[in-house]
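Chemist: Put together the whole structure using the sequences plus the hints.
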Amino acid sequence: MKAQALHGHLDALLLAVLEQGALHGYAIIEALRARSGGSLDLPTGTIYPALRRLERAGYVASSWSTVNGRERRTYQLTEAGGRALAGERAGWREFSATVGRFLGADEPPATPA
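Numbered per the numbering used here, the sequence shown spans residues 1 to 113.
None of these hints come from the bench; they were simulated from the model.
Every residue, glycine too, gets a C-beta built ideally from N, C-alpha and C.
Be a bit skeptical, because a hint or two may be false.
Quick list of the computed label-pair ranges, beta carbon to beta carbon [unchecked claim]:
(1) GLY37 to GLU71: 14 to 22 Å
(2) ALA105 to PRO43: 29 to 37 Å
(3) GLY37 to GLU79: 28 to 36 Å
Modeler: Right, here's the structure in full:
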């Protein structure tokens with residue numbers, strides 16, 4: 001799946017991944033790949049700008065840590081990010097239910113004459 005197909009949903013996916021706990025950037029990419037069964041194989045050039053945008057919005061906080069002798073920036077969901085994620089989930093449920101009424105049916109409903 002290409003990054004462009006995720007337009008409007010990437011931020012919510014990143015917040016959902018960070019809901020499980022703090023992760024560095026590459027671990028976030030790996031978590032997206034694993035949770036999607038390999039469908040989301042997004043480049044760093046897509047993920048890091050989104051993480052910076054979420055940090056500027058106050059939804060994610062970052063700090064530097066050393067892992068195996070390497071400096072890495074670790075990202076963590078903030079309280080505001082948790083609230084934003086809850087809103088994204090509610091919006092997604094409404095959106096998917098509405099679209100599902102059109103695309104989820106095996107047979108189209110009869111239209112009024």
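Chemist: Provide an ascending list of the numbers of those earlier hints which the structure does not satisfy.
Modeler: 1
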